[in-house]
Amino acid sequence: MSRLFRDKAIFKPLNTGWIDGHAVCVREWVANIFFYTKNGKTIMIDAGYNYERLREKMRWPDIDPASIRDILITHQDTDHVGALETDSELLLRKSAYAADKEEISMSRHDEIRASYKQLGHIGTLYDGIVTRSTLLGKLLDSVVWGLDAEKAAQWLNDALAPIPGDFAGKLLEVPVGTGVLTMPLYKSLAEAEITCLDYSADMMAHAEKRAEAMQIRNMTFRQGDVGALPFADESFDIVLSLNGFHAFPDKEAAYRETRRVLRKGGVFCGCFYIKGEFNRTDWFVKHMYVPKGFFTPPFETKESLESRLKGLYREAEVRAVRAEGIFRCVK
1 MSRLFRDKAI FKPLNTGWID GHAVCVREWV ANIFFYTKNG KTIMIDAGYN
51 YERLREKMRW PDIDPASIRD ILITHQDTDH VGALETDSEL LLRKSAYAAD
101 KEEISMSRHD EIRASYKQLG HIGTLYDGIV TRSTLLGKLL DSVVWGLDAE
151 KAAQWLNDAL APIPGDFAGK LLEVPVGTGV LTMPLYKSLA EAEITCLDYS
201 ADMMAHAEKR AEAMQIRNMT FRQGDVGALP FADESFDIVL SLNGFHAFPD
251 KEAAYRETRR VLRKGGVFCG CFYIKGEFNR TDWFVKHMYV PKGFFTPPFE
301 TKESLESRLK GLYREAEVRA VRAEGIFRCV K
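Residue numbers (the numbering used here): 1 to 331.
Source of the hints: derived by calculation from the structure; they are not laboratory data.
Within a straight-line C-alpha distance of at most 20 Å, the following computed DMTMM-like cross-link-like pairs (lysine to aspartate or glutamate) qualify: (1) 151 with 277; (2) 57 with 20; (3) 310 with 257; (4) 41 with 20; (5) 187 with 166; (6) 310 with 234; (7) 302 with 252; (8) 38 with 62; (9) 38 with 20; (10) 310 with 252; (11) 275 with 317; (12) 310 with 237; (13) 302 with 317.
Assemble the whole structure, with the sequences as input and the hints as a guide.
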């Protein structure tokens, strides 16, 4: 064997088939799923991609998915947990599974991807990108934003974390966009009063269709300008803004208005692009996103955003996941 390729065989997946009398593997593209059987009991090792042909592949070595009761997850990359995701075929719904060091749990990002796929024709090109549910979305996340699946889930989970799971107050989301990032959360907040505002009538139309399809009844929609919100002072307990401030043309008015409509003790939270954290994203924003009108300068840095929010709110914290600035403030 050439020295160049020596010891590299571990990176080449095995083809589907038996390894010996106890072990068998199933190949999914560049990933392997292994099954080990002894004394009539089979343990599955890893769960591959979310692969539509997994049932068929498991039949080749004569393994019934319903017979699998135990799964060992070696780590939580997308090519190791796919068959356990909520938008998979759920072949292994009766299985108990353990992970190395920590238990697998469905994140809000998993719920959002599942929601996007379930709604079919209502999903837009934009939705597929922001949820990483399409090849284009995964490519842009990786190339432009430097995000893998774990970091993509992290920024969204962190941005939504300040909203309690039992929240029953009044929440304003601005801009709501198509609602793809937040509707799964709102569906679980049955006692809350949710108000969604966006300047784009087209985005609002998609959001309303999504809410109707998901049978979310506690939501109202308003078209309007974040720089002149059509609400009285201190109307909301939470104001949420996901990926809006980097696009708002009048950022000063947006900061002023989102604070005005928030009650004392209320929470202002969300995320948007900040410059100076990831050079590759900064380049794409400057040379592509701004010229095409997707983003509008000036842009905050982590330090300038933290300073600004501390000047406006009693409490303020800012952290960065790559070029996503995630914030939580208390008025």
